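Keeping their order, the protein sequence lines are chains R and E. Following the numbering used here from start to finish, the first sequence increments by one per residue and tops out at 250. Following the numbering used here from start to finish, the second sequence increments by one per residue and tops out at 250.
These are computed hints drawn from the structure, not numbers from a lab. One thing to keep in mind: the hints can contain errors.
When chains are identical, the list treats them as one kind, so a pair holds in a single copy or across two.
To be verified - With a straight-line Cα cutoff of 25 Å, these simulated DSS-like cross-link-like pairs (lysine-lysine) come out: (1) Lys184 x Lys195; (2) Lys90 x Lys60; (3) Lys90 x Lys195; (4) Lys198 x Lys60; (5) Lys198 x Lys90.
As the structure is a computational prediction, the values presented were derived from the model and not from experiment.
Protein chains: 2
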Amino acid sequence: MNILITNDDGWGAPGIRMLVEEMKKIGHVIVLAPDGARSGFSNAVTATQPITLRKVDHDDRDIEVYVTSGTPSDCIKLAINVVFKGDVSQIDLVVSGVNHGSNAAVNSIYSGTIGACLVAAEHQIPAIGFSIYDNSHEADLTYMRPYLASLTRHLLDEGIRPGTCYNINAPVGEIKGMKWTRQCKSHWEKEMKETPLENGEVGYMLSGYMVNDEPEATDTDEWALSHGYISIQPCSPDMTYYAAL
Amino acid sequence: MNILITNDDGWGAPGIRMLVEEMKKIGHVIVLAPDGARSGFSNAVTATQPITLRKVDHDDRDIEVYVTSGTPSDCIKLAINVVFKGDVSQIDLVVSGVNHGSNAAVNSIYSGTIGACLVAAEHQIPAIGFSIYDNSHEADLTYMRPYLASLTRHLLDEGIRPGTCYNINAPVGEIKGMKWTRQCKSHWEKEMKETPLENGEVGYMLSGYMVNDEPEATDTDEWALSHGYISIQPCSPDMTYYAAL
């Protein structure tokens, strides 16, 4: 079983290192990740310039590691087209993360972690994105560790519907269990903070906080996470809003 | 009525200039667009460095124009937080485009044009993205022109459901009518073309073609566009795959 691992925090991030160790328990791991942080890259692709692809030495000879100057979405495209020479059937699973920072609620539309999963789903490759509900760079990822392989095995055993990926977020602190959830309606406020630029002009830095627009709902990812449950949410690259159609 | 206009091809692109002229017929136009091309930027935001915001002189004094070093999604966030000082209620409509190149089928997940609309929908602002089904830089946009104001008026009169945006694509050539559509299942192939880098190493350039995975279906955007119809598709920032949930 070939498991392709990527993320949006880059190959140097602790989350992906932990994910690699856990996924080794399930199958043969191939890593193809950005060479640095690509937070907030969503499904961005590099359309106007060439990107690099470089094989990296790794202590564990069982693991193949590649890094690219591209985005998380580019990573999946490079893996399919270059590493696997267009033979999508050789990639049994894509796992993305572990992201430090929530990809729940409206954050999922901005997430490079989930973006990579959507590209996998475009190609009918089962995909799972793991994130933790803690935006701090010193976020403690270890308490999610026991769930990575077991949740992945569970979803694989249940059978991942083609074209589906799973957006999995873990709460901070004690984990009470897991919930299937829908995306919570929410929006960001006070997002642009004035910042002086090098040339003396006023620039703007992304900032702010997310507001839950349906705090009473108990079937959302935000509810699950704020009540100590892991949130498991199916997503797909089909953007149609069927309820409105 | 305040209409905020943006795009992912930059303020210099012919599509946005045409859109401004047509939207002037409906309301007061404020443009906030990237300072250059941002194709394939999806919902990417600039998370790690400040962005610029500069007011631009325009011959037509009735129109306010701002450009930024940020992404299409950043444009909506700057408009809300800086130009309108956080008062979302002052933006009655966001219109994005006219994009040269299809944002139908799976392309919509990669689209900066649609990304901007999803940010508007996050904030309950009605939004419409216009694109034409022609990837050439010399694409003739003029035949879409008569539909821009009339379609916008029609959707506003019908009432745009809060949290919804519309992804509108026009076919190439004679327009037979309009269809409400769902997103066609599709995927890209042969996307990474070997390209020599300046340092002599092998790099990869985004390339390839999209394959329709359900060519028999007659309710999709791809069907409408390939049969001469304008495709109108509701989208939302809710990524939950309800059919799988």
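These are the hints, each one checked on the structure:
1. Lys184 x Lys195: neither (31 Å within a copy, 38 Å between copies)
2. Lys90 x Lys60: within (15 Å within a copy, 47 Å between copies)
3. Lys90 x Lys195: Answer is between; shortest inter-copy Cα gap is 9 Å, intra-copy 45 Å.
4. Lys198 x Lys60: For Lys198 and Lys60, only the inter-copy Cα distance (18 Å) is at most 25 Å; the intra-copy one is 39 Å.
5. Lys198 x Lys90: between (45 Å within a copy, 11 Å between copies)
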